[in-house]
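K.L.:
Chain residues, written in single-letter form:
There are 2 protein chains.
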Amino acid sequence: MKRTHTCGELSIKNLNEKVTLQGWVAKVRKLGAMTFIDLRDIYGITQLVFDESNVIKSTNIKPEFVIEITGQVIERKSKNFDISTGEIEIKVTNLIVINESELTPFEIKNDIEAQEDTRLRYRYLDLRRPEMQENFILRHNLYQLIRKYFSENKFFEIETPIFGKSTPEGARDFLVPSRLNKGKFYALPQSPQLYKQLFMISGFDRYFQIVKCFRDEDLRIDRQLEFTQLDMEMSFADSNDVMETIENLLKNIMLNIKGIEFKENFIKMDYSEAIDKYGIDKPDLRFELEIKTLDKVFETTSIPLFKDKSNKSIRSICVNKILTKKDLEHLTEIAKQNSVNILAFAKYDNNEWTGSIGSKLSEEEKASLINEFKINESSTLLFIIDDYYIASKALGAIRNALGNLLSLIKKDDYKFLWVVNFPLFEYSDEEERYVAAHHPFTMPSDESIDNFDTDFKNAKAKAYDIVLNGFELGGGSQRITNREIQNRMFKAIGFDEEKIKTNFGWFVDAYKYGAPYHSGCALGLDRLCMLLSNTSSIREVIAFPKNSSGIDPMTNAPDNVKLTQLDELHIKTK
Amino acid sequence: MKRTHTCGELSIKNLNEKVTLQGWVAKVRKLGAMTFIDLRDIYGITQLVFDESNVIKSTNIKPEFVIEITGQVIERKSKNFDISTGEIEIKVTNLIVINESELTPFEIKNDIEAQEDTRLRYRYLDLRRPEMQENFILRHNLYQLIRKYFSENKFFEIETPIFGKSTPEGARDFLVPSRLNKGKFYALPQSPQLYKQLFMISGFDRYFQIVKCFRDEDLRIDRQLEFTQLDMEMSFADSNDVMETIENLLKNIMLNIKGIEFKENFIKMDYSEAIDKYGIDKPDLRFELEIKTLDKVFETTSIPLFKDKSNKSIRSICVNKILTKKDLEHLTEIAKQNSVNILAFAKYDNNEWTGSIGSKLSEEEKASLINEFKINESSTLLFIIDDYYIASKALGAIRNALGNLLSLIKKDDYKFLWVVNFPLFEYSDEEERYVAAHHPFTMPSDESIDNFDTDFKNAKAKAYDIVLNGFELGGGSQRITNREIQNRMFKAIGFDEEKIKTNFGWFVDAYKYGAPYHSGCALGLDRLCMLLSNTSSIREVIAFPKNSSGIDPMTNAPDNVKLTQLDELHIKTK
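In order, the protein sequences belong to chains A and B.
Numbering-wise, the numbering used here puts 127 at position 143 of the first sequence, and it's gapless, one number per residue.
Numbering-wise, the numbering used here puts 432 at position 448 of the second sequence, and it's gapless, one number per residue.
For reference, chain A alone in the conformation it holds in the complex (with noise of 0.2 Å):
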């Protein structure tokens, strides 16, 4: 390569070397007869000088233009020691433009303050930007960690096709009509969840793959139609030991990507716990703020809205702060997302209860709520009297807010646990009844075995997710590995024997052959980045994204095509 050095690579070690540097133009500065230019590459940024003696001139070298020189290593007057490179700059004696470059649609900076489809049209000028690189060399090495921690410890990457079977249950399918098969249609896969467990049956032992997975759900701001899940699997292995597998993945993870030693085990916490303390089955467990029930103290109240309590419970959460009618405000409009009309409120400041509630309250009830949330300061408490399930999952989504709105989030803070113990069913308003919660091929937990598939209500999962700040990073199962209980799982959701044949017989068939038990976990690759570079959006993590229209605004895609196309595939459009 012409290159002698990258320019990250050069220090006061080099002195009087002669160099070849080739790299873009970051800066032109002009001073008397000299001009600096910074010139940029991945690595790094390297200062060339061309001075009066210089033969060669830097006149009209712009901001962007690629450009190979070559120069003698010299010492810097004024040296920066924030960069590698800053004690040396470049005499040029030669150079060469290979490109040159129109004024970019941004400055090619950190911080800037582009929309994001100008930054997703123009993406290779928003990726040569410093801060996304990183991003992406983050990605790069957290990439080749994980597969070496699988390597080392024994599992075997395999890939899974792409081109799959339809099947229900699950979110919606891609389908990509066959040209060869008339009428029929690959779907692409939302998961490789059929196949790992092959591989298990094939006795491949230990599987793991970082592997696209697709789902045809409308877009948010950690969601992306297709996306990549660290996928694996192991045989004579039970929940606990993939939890410790992963657990240990993510440990190395830490210290390795982001210099941080966790030493004691993530904390395990049981579904049920993590609704009734923080409304959410991935409590962001950076701050405390915990969820209550006070039914106990508004057991023989006189106030209005917390009389009726058939069916509900009274919920709250309490911060020791006064909060605005603003912040009320946009928490009621939270609240109201979350299915529940009315936010209550009770605010405590200098021994006076003032708010909705806070006027209504006997002297017995303000001591309860004293003692009940410990309160020795200014406070607002939040209630909501709905469904248990319902006021959780709106006070849930309040308290998150609240982390944000009270600056309770320290960067750099990072928080895992695994949430365990998780319902098998939940009920589906849209289909009118019991759908797997995880997916139909999760075992049962011992102590639901027996009456699964009649309490469905209580019926509980050998499943895991593992959440980080909030966030769910992903779950996983003990397989069921028995056809009888399989075929009770189906027909608990409503499967009949026909149902059951033509979508998953020939993945049932195959237990008829010797499966050993397994247990298997999967990751959103995306969303662990993006939480590892501390960035707001999967988005600044996946090279060329979709917007939230599923629109690639840099090649438009999705985009019309030759009906001679659609011919071959024997489709048209409606």
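Hints are supplied without guarantee of correctness; some may be wrong.
Put simply, identical chains are the same to the list, so a pair is met inside one copy or across any two.
Said to hold, decoys possible - Below, a list of computed lysine-lysine pairs in the BS3-like style, where the Cα atoms sit at most 27 Å apart: (1) K(-3) x K485; (2) K166 x K556; (3) K358 x K331; (4) K485 x K546; (5) K242 x K132; (6) K61 x K2; (7) K556 x K546; (8) K(-14) x K291.
FYI, nobody ran anything at the bench for these hints, they're computed from the structure.
Only a predicted model underlies this, so the values are computations on that prediction, with no experimental measurement involved.
Once you've looked at the hints, dock chain B against the given chain A.
P.N.:
Okay, now just chain B, sitting in the frame of chain A:
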């Protein structure tokens, strides 16, 4: 985990230890009151023994049952030194049947005779066979090695989208209808070509990825609808830099995966020499057998077939064996498949010339042929008179057939070469125009840069293919990074301004903002794994491949889908 060891782990060193193993029953042998069971997992086989004194009986244990046993490691009487566990056996004291197995549709062993569709239908059982597992262990090791190599050489692994835009040129795209954008379609990538070039323009310097690609072409023994590619690109690098990087990778692979050291540089052969000597641009160099042009020998011939040489060449190959009538018919059939109707031949045996041409040769022609081919034993000469390229192609195919027919190929022989100096264009009879031979982003050679868009026939490309044993492993090129040259290239293949803008405008625009020169390469990993595993089809190294109709006989994908699914995607079948 409950097991204390795997089935490949115990040896004489573990004598008397109490161990727990889990695995599949590979074999059951009764010997009087004794029962011996071979217990199998992916790591190996351990012999279990149940004798009269065992409290635990092995009754009803059948092949492919999954069992867990506890017992004591004892020394075997009749040792098997072929396997690492062959000196010991386990005297079983406890037995748990984890899962039973029905009789499998084929035996779980190497060298089975089941039809491929049966193997694919029960792929989870096929993958249980040790020879299949070895293929995937090799593939796992290969992947780790490749990523380690590129990481160490400062390449960044970055993911490119699966949902892209359909573009002309190249193979047929797979399409994915968009639900969110009515009537529009994503296209699955045939390769991440343009994305990786944008990474170079973004300044990522060096990129690699092991990535799934998609081509909707008819299937062959070494082609699948989805395939896996090692993709790489380097900035400030020319063809030689890339060839060196890939060559070192392949040498590293051969040493670490196959234990074969390559000290010499791989041969670099001009495309024109490959065609001239071997009739093909991916010659199998495991055997000699060169094709020769005999126009001079037959300059004044009286043989009717060779008389009319207008625009034709007489091309020939000579083997030191008398081919049978059956051999010749087989080879004639190959000639016909390659658009050549007459395969003429001459046999030389004991100074006698026979055959369709042999009997008509003049003494001078005989002497010339003996001299040309250095004939000194019984030989058969095959002749084709036709357009130079057509004759070459047919004899290239015949040469490959002769390699097998005459058993000229040694096992575990690996002959790599680079083919360079490819034509920039090839004529498409179907499209009735010149198309890019590699792709339209390939840099013309220095000699062709001035007139490549007028002298299509002689224009050469800065492109290179890496060939192993007659298979094209992959290829690459230096890319165009100059808008003017790129526009000339597009116009040369018949694109007007409008078509450039609609299809590639988003990409060509990126050249405006400072593009470094760059070069890259892609290798087909399915094919490489096939060759390294000494298997005859890429389906042997893909976990769940499609058959030649694009169908997975296990899941029955592609399949019919619900009308409501198509409705949501705004399409219908025709």
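K.L.:
Could you place K358 and K331 in one of the four classes (within, between, both, neither) given a Cα distance threshold of 27 Å?
P.N.:
within (14 Å within a copy, 106 Å between copies)
K.L.:
If the cutoff is 27 Å on CA atoms, where do K242 and K132 land: within, between, both or neither? Let me know, please.
P.N.:
both (17 Å within a copy, 21 Å between copies)
K.L.:
Using 27 Å as the alpha-carbon threshold, which applies to K(-14) and K291: within, between, both, or neither?
P.N.:
Neither: 82 Å inside a copy, 55 Å across copies.
K.L.:
Reference check for the pair K(-3) and K485, CA-CA at most 27 Å: within, between, both, or neither?
P.N.:
neither (72 Å within a copy, 50 Å between copies)
K.L.:
Within, between, both or neither: how does the pair K485, K546 come out at a Cα-Cα threshold of 27 Å?
P.N.:
between (38 Å within a copy, 16 Å between copies)
K.L.:
Using 27 Å as the alpha carbon limit, work out where K166 and K556 are close: within a copy, between copies, both or neither.
P.N.:
Result: close both inside a copy and across copies, 13 Å intra and 12 Å inter.
K.L.:
As a check of your reading, is K556 near K546 (CA-CA no more than 27 Å) within one copy, between copies, both or neither?
P.N.:
The answer is both: 11 Å in one copy and 16 Å across copies each meet 27 Å.
K.L.:
When no copy is named, should K61 and K2 be tagged within, between, both, or neither for a Cα gap of at most 27 Å?
P.N.:
For K61 and K2, only the intra-copy Cα distance (19 Å) is at most 27 Å; the inter-copy one is 73 Å.
Violated hints, listed in ascending order, are 1, 8; each of the other numbered hints is respected by the structure.
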